[in-house]
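There are 2 protein chains.
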Amino acid sequence: MQNSRGKLIVVSGPSGAGKSTVIGKVMERRSDVRFSVSATTRQPRSGEAAGKDYLFVEQGEFIRMIENDELLEYAEYVGSLYGTPTAPVKAALDEGVNIILDIEVQGALQVKAHMPEAIMVFLIPPNFFQLEERLRCRNKDSEEKILGRLETARREYSKAAAYEYIVVNGDADIAADELYSIIVAESCRREDRLKHLITDTE
Amino acid sequence: MQNSRGKLIVVSGPSGAGKSTVIGKVMERRSDVRFSVSATTRQPRSGEAAGKDYLFVEQGEFIRMIENDELLEYAEYVGSLYGTPTAPVKAALDEGVNIILDIEVQGALQVKAHMPEAIMVFLIPPNFFQLEERLRCRNKDSEEKILGRLETARREYSKAAAYEYIVVNGDADIAADELYSIIVAESCRREDRLKHLITDTE
Numbered sequence: 006m007q008n009s010r011g012k013l014i015v016v017s018g019p020s021g022a023g024k025s026t027v028i029g030k031v032m033e034r035r036s037d038v039r040f041s042v043s044a045t046t047r048q049p050r051s052g053e054a055a056g057k058d059y060l061f062v063e064q065g066e067f068i069r070m071i072e073n074d075e076l077l078e079y080a081e082y083v084g085s086l087y088g089t090p091t092a093p094v095k096a097a098l099d100e101g102v103n104i105i106l107d108i109e110v111q112g113a114l115q116v117k118a119h120m121p122e123a124i125m126v127f128l129i130p131p132n133f134f135q136l137e138e139r140l141r142c143r144n145k146d147s148e149e150k151i152l153g154r155l156e157t158a159r160r161e162y163s164k165a166a167a168y169e170y171i172v173v174n175g176d177a178d179i180a181a182d183e184l185y186s187i188i189v190a191e192s193c194r195r196e197d198r199l200k201h202l203i204t205d206t207e
Numbered sequence: 006m007q008n009s010r011g012k013l014i015v016v017s018g019p020s021g022a023g024k025s026t027v028i029g030k031v032m033e034r035r036s037d038v039r040f041s042v043s044a045t046t047r048q049p050r051s052g053e054a055a056g057k058d059y060l061f062v063e064q065g066e067f068i069r070m071i072e073n074d075e076l077l078e079y080a081e082y083v084g085s086l087y088g089t090p091t092a093p094v095k096a097a098l099d100e101g102v103n104i105i106l107d108i109e110v111q112g113a114l115q116v117k118a119h120m121p122e123a124i125m126v127f128l129i130p131p132n133f134f135q136l137e138e139r140l141r142c143r144n145k146d147s148e149e150k151i152l153g154r155l156e157t158a159r160r161e162y163s164k165a166a167a168y169e170y171i172v173v174n175g176d177a178d179i180a181a182d183e184l185y186s187i188i189v190a191e192s193c194r195r196e197d198r199l200k201h202l203i204t205d206t207e
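These protein sequence lines map, in sequence, to chains A and B.
Residue numbers for the first sequence follow the numbering used here, beginning at 6 and rising by one.
Residue numbers for the second sequence follow the numbering used here, beginning at 6 and rising by one.
Same shape as in the complex, but just chain A:
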């Protein structure tokens, strides 16, 4: 069991839903869960570390990665490009490490199309008003950007049907517990474990 392939967990949800916090809490508990670092053309926000939070790349470099088929998915979001480098994800899964991708819906659907075994989790705040409140409390963005994000969020909601699991982030610890549970439960699925069983009995 210990040597089975890692799980790929795709987490999406409206901006401000608390994805980073929840994923961070899961990784605190599980050494076998790693976060996939996305490449992006957007500017670093204060406190973000290059190579840890994002791989910050120039537009030209990003285009080159697309052309060389080095991205598992990519998308434009609020005027910037975001993408997931394929090689580190596949290498980690092969080693038995579980990989969490924090990507928006458009990219998530690309991942699912390429890797149908991906586990799709949609993370949402308890209600839309709380989302708006969080975006404003974050106080990092202009009113125009906030409205843009809210409109994007509305579109994301309607796409939740593509996701297997929905985690409601009313309390980040409970949400982390749920996300963690999804990873554990998925690794208990019969298809993954039956071969060990058969070996024992036949």
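Among the hints, a few may not be true.
From the derived model, a few chain A residues whose C-beta atoms are all more than 10 Å from chain B [unchecked claim]: (1) 70; (2) 148; (3) 194.
Residues from chain A that keep clear of chain B, each with C-beta distances beyond 10 Å, as calculated [as the list claims (entries may be wrong)]: (4) 38; (5) 84; (6) 91; (7) 114; (8) 118; (9) 121; (10) 198.
Label-pair restraints from in silico Cβ distances [stated by the list, open to error]: (11) A:71 / B:99: 35 to 41 Å; (12) B:178 / A:101: 54 to 60 Å; (13) A:83 / B:58: 56 to 62 Å; (14) A:145 / B:54: 21 to 27 Å; (15) A:92 / B:143: 50 to 56 Å; (16) A:26 / B:68: 56 to 62 Å; (17) A:25 / B:66: 57 to 63 Å.
Just so you know, these hints were derived from the structure itself, not from any lab.
In this text, a Cβ means the ideal position worked out from N, Cα and C, and glycines have one as well.
Starting from the known structure of chain A, arrange chain B on it as the hints suggest.
Just chain B now, kept in the frame of chain A:
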């Protein structure tokens, strides 16, 4: 979410796999998980409490329950009848309580046929030799009964394919964590949660 219907979790596995211990640990952690008390015609073992561990009934009473369609499933096992009274299970699920059934494979398949939403979990020891060791260490049964149980266990193994999840009980705390995670993850499934989402957005 709090008012959603409870989950029915069916746990099977070879005798001596540690089902009672693992289920007990889950219930220590979760107040919203209840154990379904089976009816049986077998004699109480020392330490077993009537109405708590089992509902001990006479053969005639058991037959009456079958005839009155009061059992969700029933089966003969090592010479005794075991069954699950339907009414308390359905009442608990309606209240949003998760119900765990600890039943052997034959009965479990009856439950799945009647209630396809049942979550099927197969609990096994890490290998067959450990199962044999545990049965002997328990030291409660004759050699003949042990051999009978081992033969039944071999048949149960081959039926694992009917189960959605397999939990390997090498360590009871890890196994309880896995069983608990399966319950949590299943309550995060989109089908259960999407209606709340739609209400928020449309």
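Hint-by-hint comparison with the structure:
No Cβ of chain B approaches the Cβ of residue 70 of chain A within 10 Å, the least distance being about 32 Å, so the stated non-interface status holds. Look at residue 148 of chain A: its CB is around 22 Å from the nearest CB on chain B, clear of 10 Å, so calling it non-interface holds up. Its beta-carbon lying about 6 Å from the closest one in chain B, residue 194 of chain A breaks the requirement of being farther than 10 Å from that chain. The Cβ of residue 38 of chain A lies farther than 10 Å from every Cβ of chain B, with a closest approach of about 13 Å, so its non-interface assignment holds.
Residue 84 of chain A, annotated as away from the interface, keeps every beta carbon of chain B farther than 10 Å; the closest lies near 24 Å. In this structure residue 91 of chain A is separated from chain B by more than 10 Å, as the shortest Cβ-Cβ distance comes to about 27 Å. Under the 10 Å C-beta cut-off, the non-interface status given to residue 114 of chain A relative to chain B holds; the minimum distance is some 15 Å. A cut-off of 10 Å between C-beta atoms confirms that residue 118 of chain A is not in contact with chain B; the least separation is 18 Å.
Distance to chain B confirms residue 121 of chain A as a non-interface residue, since its nearest Cβ pair spans about 16 Å, more than 10 Å. With a minimum CB-CB distance of about 4 Å to chain B, residue 198 of chain A fails to clear the 10 Å threshold, and the non-interface call is violated. The beta-carbon spacing between residue 71 of chain A and residue 99 of chain B, approximately 52 Å, falls outside the hinted interval of 35 to 41 Å. Evaluation of the 54 to 60 Å hint for residue 178 of chain B and residue 101 of chain A yields a failure: the beta carbon distance comes to about 21 Å.
A beta carbon spacing of about 59 Å between residue 83 of chain A and residue 58 of chain B agrees with the range 56 to 62 Å that was offered as a hint. Distance hint check for residue 145 of chain A and residue 54 of chain B: the Cβ-Cβ separation is about 59 Å, which falls outside the suggested range of 21 to 27 Å. In this structure the supplied range 50 to 56 Å holds for residue 92 of chain A paired with residue 143 of chain B, their Cβ-Cβ distance being about 51 Å. Judged by the Cβ atoms, the range 56 to 62 Å given for residue 26 of chain A and residue 68 of chain B holds: they are separated by roughly 57 Å.
For the pair residue 25 of chain A and residue 66 of chain B, the supplied restraint of 57 to 63 Å holds, since their beta-carbon distance comes to about 59 Å.
Comparing the model with each earlier hint shows violations of hints 3, 10, 11, 12, 14; every other hint is respected.
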